[in-house]
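For chain B, the structure is supplied; the task is to place chain G on it using the hints.
Residue numbers (the numbering used here), protein chains in the order written: chain B, 2 to 174; chain G, 147 to 353.
If you are wondering where the hints come from, they were derived from the structure by calculation, not from laboratory data.
Glycine included, every Cβ here is placed at the ideal spot set by N, Cα and C.
One should not assume that every hint holds.
If you want a taste of the chain B side facing chain G, the calculated C-beta under 8 Å gives, among others [said to hold, decoys possible]:
id, residue
1, Met2
2, Ala62
3, Trp72
4, Leu77
5, Ser88
6, Trp103
7, Gly108
8, Ser111
9, Ala155
Derived lysine-lysine pairs resembling DSS-like cross-links, with alpha carbons at most 30 Å apart [claimed, not checked]:
id, chain 1, residue 1, chain 2, residue 2
10, B, Lys57, B, Lys70
11, B, Lys70, G, Lys214
12, G, Lys280, B, Lys70
13, B, Lys57, G, Lys289
Short, incomplete list of chain B residues facing chain G, as computed with Cβ under 8 Å [claimed, not checked]:
id, residue
14, Ala82
15, Arg96
16, Ala121
17, Met159
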Amino acid sequence: MPSLTDRAWSPYLAGIVIGLLQIPAFLIIETALGASSSYVTVGGLIAAWIDPALAKIDYVARHISAAPKNWWQVALVIGIALGAFVSMKLSGASRQPISPIWTRALGTSSPARRYAVAFAAGFLMLFGARIADGCTSGHGLSGMAQLAVGSTIAVAAMFAGGIAAAFTLLRRI
Amino acid sequence: MFLTIAILVGLLMGAVFGLALEKSRVFEPGVIVGQMQMRNFIMLKVFLTAVATGAVVLAVLNGFGLVKLQPKAALYAADIVGGLILGIGIALAGACPGTTLAQVGAGYRDALFTLAGGLVGAVAFSYAQPALSKSFLGSGGGKIIFTDMLGIHYWLGALVLAAVLVVVLVSLEHWRPWRQEIGRDVDGDLGPLPTKSDRNVRIAPAE
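This is chain G alone, in the form it adopts within the complex:
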């Protein structure tokens, strides 16, 4: 019974998630590769806004005792090694595990190959998991969060994080307005970088 509700809730939440990913264009390979090549900052804008919003939401829910936090254990070696491999995959896919599905929905055919590769990768890891968990990748700390290390309330730390992120986002928007990063076909494609010869022949801009 709860399984059915969980699936319906998941579909509904996913539809909202997919809509937000599509509308923000953050699922575009042009945006994700552009971010990793430091040309387009839409990915960072969506990501940091979602983190700040989540932090405020959880500060309230956890601060009033309505929910328990669910942090993952800090497995330092696994976080670094896994994170690096995942990052390489993200750059070459022009997607992350969630946005791959948004690409499939929006009609990118290569995303079907990313998806298939992802499923095979997850199965390959599953075969290796019993051995890997006994290696250096399986060791680490517990479910540590920064505010416990500092000895302050989570809600306070989360609100401070959100405030800092708002300042970062306002500066980011001032430096790189998002409308200039969307691209003509809303795909984050800002065109080839101007080459040296382009710059030499460029005429003075009109007054």
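Bound conformation, chain B alone:
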């Protein structure tokens, strides 16, 4: 029997749990699972505090409004961090500050190098996700389950970009 104190679960069990989360998402919030819009909500709110003109852009205004969907998703991603933290504490699978694979993938053990790459990668991830209007959750989990044509194309592009970058910009791990 899988237990909360296990260090690893079968990917199939975890996948079923994640897929079942569509039930409360559709029934209670009337939306599909997603993650990347929350970056616009939080980032937009912080940036609008420095530059109030940003909040006048329609796209930003829509994301930082008090609509339940916006803040449900912000709560969801905060919950992800909490859930992962609790799970790690229960199993004792604590992590080093940087995964050991990065020394091989980047060819250096310098934390500064890794932090710089991570920042740039985060920027690309969200800039790309917002162009595509969704990420691995919104297009991947939810869009593909709904048989959405655009989402299927977006997921194919994500894997194409990811595989190309992993083979050309990183060393083999």
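Chain G in isolation, oriented as in the chain B frame:
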């Protein structure tokens, strides 16, 4: 009032999501980079299982008229360009926008930089959005789903997709058992690839 409920529901759902991401190890950079380098298939296993489960769930909920589908509009150019950029980011981050938060929770310090970069990226896009939406990236089709194109019920198509994915997953597991992909420190790190010289000196395995 509903806002408060939505936030509480979000926190609870997120906690379950984060737990599943941590237990499956799919949030590990070793798993995500390993997937993109075709060495570790845990990411595909979790992803396709979640898609299949979601398809069954929605086939039932939508088939019985309990929920409306919420597909995103098909913006072909934006889906391709955005998807490619997002994919490059995923490989270099060893994370996606959701799993970045799981990495933060599990204690990866570099994930804080991924998160900060993500917030800046989302703000940069927000500034560019009015211009981008008028460019070639803003055009495309409507909220098209495959079953409408085929003229069949969504629930039928979704169940067929789930059945196909189960076959794919069973084959995938047969080819690459998940227990062999977890890694010694449950981080998806399978160690350096054997080099040519390793292979030359390798002794015959014991019977």
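| said: Going through the numbered hints above, which ones does this structure break? Give me the numbers in ascending order. | reply: 1, 2, 7 and 8
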